[in-house]
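Trainee: Model the full assembly from the supplied sequences, consistent with the hints where possible.
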Amino acid sequence: MGAQVITITSGKGGVGKTTAVANLAVALAADGQKVVCVDGDIGLRNLDVVMGLENRIVYDVVDVIEGRCRLRQAMIRDKRLPELYLIPAAQTRDKSAVSPSDMVRLCDELRGEVDWVIIDSPAGIERGFKNAIAPADRVIVLTNPEVSAVRDADRVIGILEAEEKGSPGLIINRLNPAMVRRHDMLSAEDVLDLLAVRLLGVVPEDENVIVATNRGVPVALDGKSRAGQAFRNIARRLKGEDVPFLDLDDQGTLWQKLSRLTGRKSS
Amino acid sequence: MRFFERRPSSAKSAKDRLQLVLIHDRTDLTPAVLDALKDDLLTAISRHVEIDPSSVRIEVAHEGRSQRLVADIPLRSVTRRRTG
Ligand SMILES: Nc1ncnc2c1ncn2[C@@H]1O[C@H](COP(=O)(O)OP(=O)(O)O)[C@@H](O)[C@H]1O
Ligand SMILES: [Mg+2]
Numbered sequence: 001m002g003a004q005v006i007t008i009t010s011g012k013g014g015v016g017k018t019t020a021v022a023n024l025a026v027a028l029a030a031d032g033q034k035v036v037c038v039d040g041d042i043g044l045r046n047l048d049v050v051m052g053l054e055n056r057i058v059y060d061v062v063d064v065i066e067g068r069c070r071l072r073q074a075m076i077r078d079k080r081l082p083e084l085y086l087i088p089a090a091q092t093r094d095k096s097a098v099s100p101s102d103m104v105r106l107c108d109e110l111r112g113e114v115d116w117v118i119i120d121s122p123a124g125i126e127r128g129f130k131n132a133i134a135p136a137d138r139v140i141v142l143t144n145p146e147v148s149a150v151r152d153a154d155r156v157i158g159i160l161e162a163e164e165k166g167s168p169g170l171i172i173n174r175l176n177p178a179m180v181r182r183h184d185m186l187s188a189e190d191v192l193d194l195l196a197v198r199l200l201g202v203v204p205e206d207e208n209v210i211v212a213t214n215r216g217v218p219v220a221l222d223g224k225s226r227a228g229q230a231f232r233n234i235a236r237r238l239k240g241e242d243v244p245f246l247d248l249d250d251q252g253t254l255w256q257k258l259s260r261l262t263g264r265k266s267s
Numbered sequence: 001m002r003f004f005e006r007r008p009s010s011a012k013s014a015k016d017r018l019q020l021v022l023i024h025d026r027t028d029l030t031p032a033v034l035d036a037l038k039d040d041l042l043t044a045i046s047r048h049v050e051i052d053p054s055s056v057r058i059e060v061a062h063e064g065r066s067q068r069l070v071a072d073i074p075l076r077s078v079t080r081r082r083t084g
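For the record, the sequence lines run as chains V and G. Note that the numbering used here gives residue 162 to position 162 of the first sequence, counting from 1, and the numbers run on in steps of one. Note that the numbering used here gives residue 11 to position 11 of the second sequence, counting from 1, and the numbers run on in steps of one.
Calculated directly from the structure, the hints in this document are not laboratory data. Some clues are possibly wrong.
Simulated DEER-style distance windows between Cβ atoms [unchecked claim]: (1) G:ARG47 with V:VAL243: 56 to 62 angstroms; (2) V:ASN55 with G:HIS24: 46 to 52 angstroms; (3) V:MET179 with G:ASP39: 38 to 44 angstroms; (4) V:ARG182 with G:PRO53: 41 to 47 angstroms; (5) V:SER99 with G:ARG65: 37 to 43 angstroms.
With a straight-line cut-off of 20 angstroms between C-alpha atoms, the simulated EDC-like cross-links for lysine to aspartate or glutamate are [unchecked claim]: (6) G:LYS12 with V:ASP190; (7) V:LYS239 with V:ASP137; (8) G:LYS15 with V:ASP193; (9) G:LYS15 with V:ASP184; (10) V:LYS165 with V:ASP137; (11) G:LYS15 with V:ASP137; (12) G:LYS12 with V:GLU146; (13) V:LYS12 with V:GLU161.
Built from N, CA and C at the ideal position, the CB exists for glycine as well.
Mentor: Below, the structure written as structure tokens:
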């Protein structure tokens, strides 16, 4: 049985694709799955730092494609988990160094090695995006509950349908429940209504994501973080488990409620 | 008084604006093209039957991710037939 190849894309940049790839990979690997993630953002390598593996890079994805190393040599093992690997992007090349068929060939080789291949797509709808979606069995579109991100997500979903990649799954990232309650942010239902695709999960805005990224330890490894919990749940849904959606409308501790009533910022 | 009228929430504005913009993105129908199309349709239909242009509604409806152009054109009940 071969691996499932999953690509995470978004249209708009900075919405959390790289964060999601790192966290889903870590969550699946922590669940005993063999996972390799591939940084598809050639020239803007980032998945390595988000995963905390930047000091261990020798070869990159373009080295594999151009035959300068064997596939195994470019797979950096994440020592925190039994079977998690990263194939980094090339930093000094551009997207034209890779073609969609190169990516298909690379992933076909990976299919025999692991259970999951997770590809981090660059922003946009051009070459890098085409490269990233070419080998995908399933595509995940990630968006934020904001007008520009939702609009770009809709464009990408349209392109995926036109390219017969099927209807993608949706992750809504950085949802702020307090703002949704105040009707100052699109709710998950609003976004779903607009995009009309299947929801895979909602990840709340969470400071722990930034703290975790500072340290190079994906937040899914932090048992207490809500974003980490959301990513772990999405990973289980990818495996086909039926996991109920998190109640993000939790009003917080009594202290936080009181601070909100008195208009004070809660810590 | 207008002064006391409540503004819609910003989330509502976002959803309403997105709803329109996504229809245009998906179909390549800008509001201007839609207006031109409406005018042409009205002219064509008026050549055959009498209609009241102000009661005509032509809009893009959507169901899931697919859109349809829906025209609602009430016909006037008249005994006189137009010839021109
Ligand atoms: N759920 C979240 N809560 C808070 N910050 C987030 C969340 N998801 C992502 N971020 C932050 O948003 C920024 C962009 O994320 P990144 O994953 O690099 O986006 P992309 O790969 O789509 O460009 C980063 O600083 C990241 O730490
Ligand atoms: Mg990125």
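Trainee: Indicate, hint by hint, whether the structure satisfies it.
Mentor: Evaluated hints:
1. G:ARG47 with V:VAL243: 56 to 62 angstroms: 60 angstroms, holds
2. V:ASN55 with G:HIS24: 46 to 52 angstroms: 48 angstroms, holds
3. V:MET179 with G:ASP39: 38 to 44 angstroms: Distance hint for V:MET179, G:ASP39 holds at roughly 42 angstroms.
4. V:ARG182 with G:PRO53: 41 to 47 angstroms: Since the Cβ atoms of V:ARG182 and G:PRO53 sit about 43 angstroms apart, the hinted range of 41 to 47 angstroms holds.
5. V:SER99 with G:ARG65: 37 to 43 angstroms: Check failed, 29 angstroms falls outside 37 to 43 angstroms.
6. G:LYS12 with V:ASP190: 9 angstroms, holds
7. V:LYS239 with V:ASP137: Between V:LYS239 and V:ASP137 the Cα gap is close to 14 angstroms, so the pair holds against 20 angstroms.
8. G:LYS15 with V:ASP193: Cα-Cα ~9 angstroms, so holds.
9. G:LYS15 with V:ASP184: 11 angstroms, holds
10. V:LYS165 with V:ASP137: 8 angstroms, holds
11. G:LYS15 with V:ASP137: 31 angstroms, violated
12. G:LYS12 with V:GLU146: 12 angstroms, holds
13. V:LYS12 with V:GLU161: Holds, at about 18 angstroms.
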